[in-house]
Amino acid sequence: MVTTTYHKAGSVLDHSLESLIHRLRGLCDNMEPETFLDHEMVFLLKGQQASPFVLRARRSMDRAGTPWHLRYLGQPEMGDKNRHALVRNCVDIATSENLTDFLMEMGFRMDHEFVAKGHLFRKGIMKIMVYKIFRILVPGNTESTEALSLSYLVELSVVAPAGQDMVSDDMRNFAEQLKPLVHLEKIDPKRLM
Amino acid sequence: MRQTEGRVPVFSHEVVPDHLRTKPDPEVEEQEKQLTTDAARIGADAAQKQIQSLNKMCSNLLEKISKEERESESGGLRPNKQTFNPADTNALVAAVAFGKGLSNWRPSGSSGPGQPGQPGAGTILAGSSGLQQVQMAGAPSQQQPMLSGVQMAQAGQPGKMPSGIKTNIKSASMHPYQR
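Line by line, the protein sequences give chains W and Y. So that you can map any letter, position 141 of the first sequence is 141 in full-length UniProt numbering, and since no number is skipped, the others follow by simple counting. So that you can map any letter, position 79 of the second sequence is 79 in full-length UniProt numbering, and since no number is skipped, the others follow by simple counting.
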């Protein structure tokens, strides 16, 4: 089933993380604060075309027994310039543990990997993740990692059926609540290449 | 007794002056009379001038106070203002989106913004974009799926230019096998 993901991102410096967490706990749904430690690997399939096919495989390192998560993210929709969030098609699949072997057999090769460690909050259908990205120094060895920067990445995302523009308005209102601590905006990764 | 909730036991002649008074106290009345005669004595123009000077002084005072407040606030806030770094945002989004800065054999400590390595990170980015152009020019000439050699070249640094060229040569030599 193809769904649409709406995405906004920002970052927060390490020393302001506590204030951000407090504010998010106040704003978001009243759940136990959830932390996660995930290992994500990005696979590329190079075909005849110039641009390779990208799939993202993610596994939880701290919750044993949870399925792996395979995700396809399409190109950002170049729609309304005034829309406040980055809109992409996405397909999310839960898989078993032999995902990497399967992908390698299909001809995919791993392009890069990283470890993400942080907190997860929810507000209705919005998901807010605050996490630190760790570079993996020895390929395949998730024990030897090193933080990529002095900041935590803050991502606000919604997975919803296509064409619901009200979602991006809700996201903008939520992003307003987090200013001036964090500045969430729609960032097109292609502009950063 | 009932009407006053028990506060006035007897409605007598002593209670009446206090409870039913509508005029201000005699002393207050005297003072008010004096003030009104003084005000009438000065005359309308002089009174206007006094009003204006009073307003001016008040507004000057208000300005000074608000300026003081603003200056002290900004002075206190400035060191704490930086709660996020936009360069970090871009670096992190790029890392998640296409692995910029995540190559395993890149020397550690080179991608920390705000550190002395900042100029180094800038040149590395410039070098890697140059490399990508080299790779894109080479891609149309080879028409087979590339293995990890290509991915390494795409995310490389200036120091890795020679290895980019090496992978091109490697792919050329694979032609006979694929054909």
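It is possible that part of the hints are untrue.
Said to hold, decoys possible - According to the in silico footprint, chain Y covers these stretches of chain W (three or more CB under 8 Å from chain Y):
id : segment
1  : 22-34
2  : 66-72
3  : 109-118
Said to hold, decoys possible - Residues from chain Y that face chain W, not an exhaustive set, calculated with beta carbons under 8 Å:
id : residue
4  : Phe11
5  : Leu35
6  : Thr37
7  : Ala39
8  : Thr89
9  : Ala94
10 : Ala97
Said to hold, decoys possible - Over 12 Å on every C-beta distance to chain Y, these chain W residues come out as not near it, computed from the model:
id : residue
11 : Val2
12 : Arg56
13 : Pro189
14 : Arg191
Note that these hints are calculated values from the structure, not bench results. Predicted model, so just to flag it, every value in this text is computed and none were measured. The C-beta atom is built at its ideal place from N, Cα and C for all residues, glycine as well.
Status of the hints after comparison with the structure:
1. 22-34: violated (count 0)
2. 66-72: violated (count 0)
3. 109-118: holds (count 6)
4. Phe11: violated (58 Å)
5. Leu35: Violated - the Cβ of leucine 35 of chain Y stays beyond 8 Å from chain W, reaching only about 52 Å at its closest.
6. Thr37: Not OK, violated: threonine 37 of chain Y not within 8 Å of chain W, min 58 Å.
7. Ala39: violated (52 Å)
8. Thr89: holds (4 Å)
9. Ala94: Constraint on alanine 94 of chain Y satisfied, holds at 4 Å.
10. Ala97: This interface hint holds because 3 Å falls under the 8 Å limit.
11. Val2: holds (20 Å)
12. Arg56: The claim is violated: arginine 56 of chain W sits with its nearest Cβ about 9 Å from chain Y, within 12 Å.
13. Pro189: violated (3 Å)
14. Arg191: violated (9 Å)
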